[in-house]
Structures are given as C-alpha cells and as structure tokens.
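My request is simple: use the sequences and hints to build the entire structure.
The chain contents come next:
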Amino acid sequence: MNSLIILASLITPGIGLIFWTSIVFIILLVLLGKFAWKPILNAIKTREEGIEKALASAESALKDMRELKSNNEKILLEAKAERDVMLKEARETKETIIAEAKDKATKEAERILASAREQLIAEKNAAVAELKSQVAGLSIEIAEKILRSELSSDDKQKALVNNLMKDVNLN
Amino acid sequence: MSGENKTYGLLLKAKILFLLLFLSFNNSVWASEPDEREVQPTVATEHAAETHGEEGEVDIAAVAFEHILDAHSWHLWGEGHHAVAIPLPVIIYSNTKGLQFFSSGKFEHGYAEYNGYKLEHEEIIPLDTNETIYDFSITKNVAQLFLTATILFLLFTSIAKAYKTTGVTTAPKGKQSFFEPLITFVRDDIAKANIGHNSDKYVPYLLTVFFLILINNAIGLIPIGANLTGNIAFTFVLSVITLIVTNINANKHYWHHIFLPPAPKALYPILVPLEIVGIFTKPFALMIRLFANITAGHIIVISLVGLIFVFKTIWISPVAVGFALFIDVLECLVALLQAYIFTLLTALFIGSACADHNEDGVHNDEDEKALAKH
Chain E
1 MNSLIILASL ITPGIGLIFW TSIVFIILLV LLGKFAWKPI LNAIKTREEG
51 IEKALASAES ALKDMRELKS NNEKILLEAK AERDVMLKEA RETKETIIAE
101 AKDKATKEAE RILASAREQL IAEKNAAVAE LKSQVAGLSI EIAEKILRSE
151 LSSDDKQKAL VNNLMKDVNL N
Chain P
172 MSGENKTYGL LLKAKILFLL LFLSFNNSVW ASEPDEREVQ PTVATEHAAE
222 THGEEGEVDI AAVAFEHILD AHSWHLWGEG HHAVAIPLPV IIYSNTKGLQ
272 FFSSGKFEHG YAEYNGYKLE HEEIIPLDTN ETIYDFSITK NVAQLFLTAT
322 ILFLLFTSIA KAYKTTGVTT APKGKQSFFE PLITFVRDDI AKANIGHNSD
372 KYVPYLLTVF FLILINNAIG LIPIGANLTG NIAFTFVLSV ITLIVTNINA
422 NKHYWHHIFL PPAPKALYPI LVPLEIVGIF TKPFALMIRL FANITAGHII
472 VISLVGLIFV FKTIWISPVA VGFALFIDVL ECLVALLQAY IFTLLTALFI
522 GSACADHNED GVHNDEDEKA LAKH
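Protein chains in written order, with my numbering: chain E, 1 to 171; chain P, 172 to 545.
Warning: the hint list may mix true and false statements.
Here are the simulated EDC-like cross-link-like pairs (lysine to aspartate or glutamate), alpha carbons at most 20 Å apart as the crow flies [claimed, not checked]:
1) E:K34 to P:D371
2) E:K124 to E:E108
3) E:K104 to E:E92
4) E:K45 to E:D64
5) E:K107 to E:E123
6) E:K74 to E:D84
7) P:K372 to E:E48
8) E:K45 to P:D360
9) P:K363 to E:E48
10) E:K94 to E:D84
11) E:K38 to P:E250
12) P:K268 to P:E250
13) P:K346 to P:D371
14) E:K45 to P:E294
15) P:K344 to E:D84
16) E:K45 to P:E302
17) P:K332 to P:E302
18) P:K289 to P:E250
19) P:K335 to E:D167
20) P:K332 to E:E78
Hints are computed from structural coordinates only; laboratory data are not their basis. These numbers come from a predicted model, not from an experiment.
Below is the structure:
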C-alpha cells in the first residue's frame with residue numbers, strides 16, 4: 001500500500017542525508033568551536049571573572065570605608081573629649097586668674113587706701129603745725145602791737161609798772 | 172528530570188494518538204476513491220494522481236507526508252505541472268554508471284524520466300532493475316542544513332566579533348544580548364549541572380547541537396521550510412555522535428558498571444547483555460524522541476488544515492485554523508523544548524559516563540548521590 005511505502009521512507013534514514021549531516025555537522029562544530037564558541041565563552045568567562053573581582057573589591061572597599069568611618073568616629077569622640085577637657089581647664093584657669101586678680105586688686109586697694117590715709121594724717125599734722133606756728137607768730141605780733149600801744153605814752157608805762165609792781169612781791 | 176521526561180512522554184503519547192486518529196481517518200477518505208487512480212495510464216501521472224486526486228480531491232495523508240519527507244526540489248507553491256519549485260542538484264552514485272550530477276528540474280516534478288531514472292515519491296529509482304544507486308543529492312533537507320549551518324556560522328562569528336570589538340566590560344547589545352543568556356544557560360544549566368567540573372570540554376558540542384536543532388526546528392515550522400529535525404537521518408547522525416562522544420570519554424567506572432555490574436555473578440548472563448544494549452538504547456531514544464516529536468507536530472498541523480479539504484466546506488475553516496494555530500504555537504514551544512531536551516540528555520549521558528561529581532577523580536555511587544542532590 002502507498003502509505004506503507006511512505007511510512008517506510010519516513011523511518012528509514014537516507015544515506016544521502018546521513019552523509020551530508022555528518023560532514024556539515026563536523027565542519028560546523030569545528031568552525032563554530034574555533035571562531036565562535038571559544039571567543040564567546042572566553043569573553044563571557046573573562047567578564048564574569050571581572051564582575052566577581054569588581055564585586056569583591058567593592059566589598060573590601062566597603063569594609064575599608066566602614067573601618068575608616070568607625071576610626072573617624074573614634075577620632076571625633078576623642079577630639080570631643082579633649083575639647084571638653086581643654087574647656088574645663090580653661091574655665092578653671094580663668095577662675096583662678098580672676099580670683100588671683102581680685103585678690104591682688106583688693107590688696108592693692110587696701111595698700112593705696114592705707115598710704116592715702118597715712119599721707120592724709122601727715123598732711124593734717126603738717127597743717128596743724130603750720131597753723132600752730134602761724135598762730136604763735138600772730139600771737140607775738142598781736143602781743144607786740146598790744147605792748148606797743150600799752151607803752152606808747154608815759155602814763156601808760158607808769159600804770160603798767162605800777163600794775164606789775166603790785167603783783168611783785170618783794171619778799 | 173524524570174518529571175520533565177514524563178511530561179514529554181505524555182505529550183508524545185497525545186501526539187501519536189492524534190496522528191493515528193488522523194491517519195485512520197484519512198486512510199478511509201483515501202480508500203473511497205481508488206478507481207480514479209487505476210484509470211491513469213503512465214507511472215508518472217499516476218504518482219501525481221495519488222498525491223492530488225482528480226476533480227479537486229485532496230489526499231491529506233499524501234500531502235502531509237509530502238511536507239514531512241525530504242524532496243529533491245524546494246517546493247514553494249502550486250501543484251503538479253504548475254508547481255513552482257527551486258530545483259536542487261542531484262548527485263547519484265550508480266554501480267553501473269558511476270557518479271552522476273544533474274539538476275532535479277530534469278524530472279519535471281516527477282512527470283519525466285531522465286537518464287534512465289525516474290522520481291517516485293521523491294525517491295530516485297533506476298529504470299534498469301540491475302542498477303543500484305546511492306543518492307547523495309543536495310535535497311531540500313541538505314539544502315536547509317547548508318543554509319542553517321551558514322546562518323549559525325555567520326551569526327555566532329559576528330557575535331564573537333562583537334565581544335572582540337566592544338570588549339568584555341561593556342554590556343552586551345542586540346543579538347549578543349539575546350544569545351548570551353542562551354549560551355550561558357547551555358553552559359551552566361545543561362553542561363555544568365550534568366557533567367560537573369569537567370564540562371567545559373563538551374560545551375562547544377552541546378552549543379552546536381542546541382542551536383542547530385533549535386534553528387531547524389524553527390524553520391521547519393515555516394510552511395516552505397524543510398522538516399530537517401523531523402528526519403530520522405538527521406537525528407540518527409546527531410545521536411551517533413552523542414554515542415561516540417559518550418563512549419570515547421567514558422571512564423573506568425562506566426565500563427566496570429557495564430561488564431561487572433554490582434550484582435550476583437549468576438545474573439551476569441542477563442545483566443551484561445542488557446547493559447550493552449543500554450549503551451545503544453539511550454542515543455536511540457534520543458534519535459526517536461526528536462524525530463517523532465517534530466514529525467508528529469507537523470502532521471497534526473497539516474491534518475488540521477486538511478480538515479477543510481476533507482469536509483469540503485469553508486465553514487470548518489475557523490475550527491481548523493483555530494486548532495492549527497494552537498498547535499503551531501505549541502510547536503514553537505516544542506521547537507525550543509526539544510532542542511533543550513536533546514542537549515540536556517546528551518549532557519546527562521556524557522555526565523553519567525565520564526564525570527565524577529564530587530571531584531574525587533573517579534566516578535562512583537557517591538557521584539550519583541551528589542548529582543541527585545544537585
């Protein structure tokens with residue numbers, strides 16, 4: 001029957017196609033292997049290795065950065081602590097300086113006050129002495145003037161001698 | 172793996188069921204018109220009548236097989252004498268006349284005899300019964316094989332060039348980015364997963380097999396394309412190469428397993444022949460699987476379209492076209508999957524014959540466990 005012949009040819013491998021397929025496949029395998037698969041697979045492999053390397057280096061860079069960041073934080077903390085200490089010291093120094101200055105100023109003021117007082121006393125004494133000498137001069141002048149007026153006439157001289165005589169006790 | 176195999180088995184079974192259904196159906200249609208053929212006088216016109224009956228009768232089975240089988244010319248359109256086809260070179264080695272070379276156009280689509288040969292069912296038959304010939308013609312399948320091999324060579328060398336010109340640091344572009352995932356898929360998920368650390372050696376072979384089957388599966392789906400991957404000669408050659416690659420690279424453990432299987436000595440007379448047959452059944456299954464899947468798919472599509480001619484009404488066409496479209500889309504999936512399956516099983520066979528999966532230098536039962544775990 002017709003369909004049996006066709007079926008037989010369907011499942012019988014033809015020698016011609018076997019021949020050509022073998023030749024073409026082997027040639028294709030060699031050519032593609034040499035000119036296509038080798039460069040393509042090598043390129044893909046190189047890229048994959050590159051990507052792997054890049055990922056690894058990115059990872060290490062991240063790690064480095066993290067370390068750097070923690071280092072920076074540590075340094076920052078240290079700096080802050082140092083700053084605090086310095087500030088504290090400065091404050092203390094300031095207070096001591098102020099206290100010292102106050103102390104000195106007080107003492108100086110007291111010293112100035114004392115010297116002023118002494119000067120004042122000395123000047124007062126000098127003034128009093130001068131006053132005393134002037135008063136003594138004046139008294140002498142006055143006494144002189146009075147004497148001169150008392151002894152200006154004979155009557156008055158006699159009267160004075162009399163008067164003084166009276167007081168003199170000859171005994 | 173076994174799950175996938177099961178799915179494929181089921182798909183194949185469904186296809187065969189379909190095939191048988193349509194064949195029996197078509198045969199009955201065929202049987203109803205035998206008288207017309209007997210009236211035809213000459214051999215050549217009888218052939219034409221067989222394929223396309225008189226008065227517009229169409230023999231679907233014959234048309235289906237015409238599309239599936241190889242041909243000596245690349246048929247484009249038209250029927251009988253008016254067919255438009257590209258003639259292809261005929262190369263014959265005859266035991267009496269030696270090597271001969273002429274165009275298949277000389278046969279005039281099977282209506283004429285030439286140089287003592289006639290073309291019957293696309294087979295060159297010598298008129299002299301004492302003559303034996305070996306047909307090495309560039310048939311439609313061979314022509315498509317040349318064509319696809321050229322396309323693959325140009326395509327992949329241009330991709331290789333793209334890697335060279337753009338370097339490996341830039342992202343792949345265009346066809347490079349389309350094929351790179353496929354290439355890495357074959358390399359990693361087919362080769363490496365089944366063969367292990369020694370897989371790099373086999374990757375070029377697996378890639379070539381994968382892309383050659385894929386492109387021919389795809390072109391076979393186009394109406395004027397040749398059914399190369401559905402031809403048993405093509406799958407036979409690929410399977411034989413797989414058989415050779417597998418056994419050449421097989422290690423001691425593989426042969427030990429075949430000739431000294433881990434079983435009581437009394438069972439050796441049964442087991443050893445079985446193991447030896449097993450060497451051949453694996454590639455044989457590979458050959459049949461690809462051939463049957465692709466052929467069955469094509470027969471279904473043609474049979475569905477043929478429904479229109481069987482029922483002789485245009486009203487059946489939406490159903491026929493709808494189903495044919497569905498099967499065609501399914502065939503697109505099958506085209507990719509069969510290329511994948513063929514490559515995967517090839518890798519699996521190579522892997523089971525030569526790999527040691529736990530990298531201890533030998534292939535043993537621990538490797539099987541390692542593979543199963545993988």
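Checked hints:
1. Simply put, K34 of chain E and D371 of chain P have alpha-carbon atoms about 14 Å apart, close enough for the 20 Å limit, and the pair holds.
2. Restraint check: the Cα-Cα separation between K124 of chain E and E108 of chain E comes to about 24 Å, which exceeds 20 Å; the hinted pair is violated.
3. The suggested pairing of K104 of chain E with E92 of chain E holds, with an alpha-carbon distance near 18 Å, which does not exceed 20 Å.
4. Annotation: proposed proximity of K45 of chain E to D64 of chain E is violated, straight-line Cα distance about 28 Å (limit 20 Å).
5. Simply put, K107 of chain E and E123 of chain E have alpha-carbon atoms about 24 Å apart, too far for the 20 Å limit, and the pair is violated.
6. Between the alpha carbons of K74 of chain E and D84 of chain E the distance comes to roughly 15 Å, so the proposed pair stays at or under 20 Å and holds.
7. For the hint pairing K372 of chain P with E48 of chain E, the CA-to-CA distance comes to about 19 Å; that is within 20 Å, so the pair holds.
8. Under the criterion of a C-alpha separation no larger than 20 Å, the hint pairing K45 of chain E with D360 of chain P is consistent with the structure, at around 15 Å.
9. For the proposed pair K363 of chain P and E48 of chain E, the alpha carbon gap of about 16 Å is at most 20 Å, so the pair holds.
10. In summary, the hint linking K94 of chain E to D84 of chain E is supported, as the alpha carbons are separated by about 15 Å, within the 20 Å threshold.
11. Of the supplied pair hints, the one linking K38 of chain E and E250 of chain P is violated, its CA atoms being roughly 47 Å apart against a limit of 20 Å.
12. With a C-alpha separation of about 33 Å, the suggested pairing of K268 of chain P with E250 of chain P is violated against the 20 Å cut-off.
13. Our distance criterion of 20 Å between C-alpha atoms is broken by K346 of chain P and D371 of chain P, whose separation comes to about 23 Å.
14. Between K45 of chain E and E294 of chain P the CA atoms are separated by roughly 49 Å; this puts the pair beyond 20 Å, and the hint is violated.
15. Annotation: proposed proximity of K344 of chain P to D84 of chain E is violated, straight-line Cα distance about 61 Å (limit 20 Å).
16. Taken as a hint, the K45 of chain E and E302 of chain P pair is broken in the structure, with Cα atoms around 57 Å apart against an allowance of 20 Å.
17. Taking the CA atoms of K332 of chain P and E302 of chain P, the gap is about 51 Å. The hint is violated against a cut of 20 Å.
18. For the proposed pair K289 of chain P and E250 of chain P, the alpha carbon gap of about 19 Å is at most 20 Å, so the pair holds.
19. For a cut-off of 20 Å, the pair hint linking K335 of chain P to D167 of chain E is broken: about 158 Å separates their Cα positions.
20. Taking the CA atoms of K332 of chain P and E78 of chain E, the gap is near 59 Å; set against the 20 Å cutoff, the hint is violated.
Violated hints, listed in ascending order, are 2, 4, 5, 11, 12, 13, 14, 15, 16, 17, 19, 20; each of the other numbered hints is respected by the structure.
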